[in-house]
Amino acid sequence: MVNTLWDNIFRRAEERNDVSQVLGRNFLFESLSKKELQFLRDLVHVRTFHPGETVFKQGEIGIGMYILARGTVDIFVEDPQVQDRDAGTVHITRLGPGDFFGELSLVEEKGRRTATAVACEETTLIGFFKPDLMEIVERNPSTGVKILGRLGEVLGRRLKETADKVTRLRREIRNLNQQDQE
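Residue 9 is where the sequence shown starts when you use the working numbering, and the numbers rise one by one after that.
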């Protein structure tokens, strides 16, 4: 009984250290001090997903983001115009340890998920939700500013990447149309 108790205490301490390390290596949080990371670690939510389990679905209201501590997650987008669900589902990317997704929901008011996220294997995710961010902003504004600044950088970079892709696709469509006319 006593050994089991000590094993659980040490396991929990190890898990907290693992979470702190994952958070500290994440772009959004890497500028935080050790004390700020400990505060953050106590707010986040750790959950393990089984292979094939849906983390969230496109169209659902999002409340936060996830950081991959272990495992992989596939991101899919469904085209609502296509009747056959399988034909209308497009695999966007596969994310691995250290990657994060769903961050847009931290800044949107009742924003809808723009994609579906599914665990590919046994996957441990660290959830950081809007109420957690608001608590940080209220209790430690300087930490909140650091996180929001980094979040702005990420969203800006992803917006630029998306705009670049749209421009490239328009160019390809224009080229295809010109080839058809020749």
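Be aware that a few hints might be false.
[Unchecked claim] Restricting the straight-line Cα-Cα distance to at most 25 Å, the calculated cross-link-like pairs of lysine to any residue (SDA-like) are:
#1 138 with 173
#2 154 with 188
#3 138 with 122
#4 65 with 137
#5 65 with 109
#6 154 with 173
#7 42 with 149
#8 138 with 117
#9 154 with 65
#10 65 with 163
#11 173 with 151
#12 42 with 157
#13 168 with 26
#14 138 with 150
#15 43 with 82
#16 118 with 130
#17 138 with 152
#18 154 with 38
#19 138 with 159
#20 118 with 78
#21 173 with 84
Simulated from the structure, these hints should not be mistaken for laboratory data.
Taking the hints in turn, this is what the structure says about them:
{"no.": "1", "hint": "138 with 173", "in the structure": "violated, 29 Å"}
{"no.": "2", "hint": "154 with 188", "in the structure": "violated, 51 Å"}
{"no.": "3", "hint": "138 with 122", "in the structure": "holds, 17 Å"}
{"no.": "4", "hint": "65 with 137", "in the structure": "holds, 16 Å"}
{"no.": "5", "hint": "65 with 109", "in the structure": "holds, 13 Å"}
{"no.": "6", "hint": "154 with 173", "in the structure": "violated, 29 Å"}
{"no.": "7", "hint": "42 with 149", "in the structure": "holds, 16 Å"}
{"no.": "8", "hint": "138 with 117", "in the structure": "holds, 10 Å"}
{"no.": "9", "hint": "154 with 65", "in the structure": "violated, 29 Å"}
{"no.": "10", "hint": "65 with 163", "in the structure": "holds, 20 Å"}
{"no.": "11", "hint": "173 with 151", "in the structure": "violated, 33 Å"}
{"no.": "12", "hint": "42 with 157", "in the structure": "holds, 18 Å"}
{"no.": "13", "hint": "168 with 26", "in the structure": "violated, 32 Å"}
{"no.": "14", "hint": "138 with 150", "in the structure": "holds, 17 Å"}
{"no.": "15", "hint": "43 with 82", "in the structure": "violated, 33 Å"}
{"no.": "16", "hint": "118 with 130", "in the structure": "violated, 29 Å"}
{"no.": "17", "hint": "138 with 152", "in the structure": "holds, 12 Å"}
{"no.": "18", "hint": "154 with 38", "in the structure": "holds, 10 Å"}
{"no.": "19", "hint": "138 with 159", "in the structure": "holds, 12 Å"}
{"no.": "20", "hint": "118 with 78", "in the structure": "violated, 28 Å"}
{"no.": "21", "hint": "173 with 84", "in the structure": "holds, 17 Å"}
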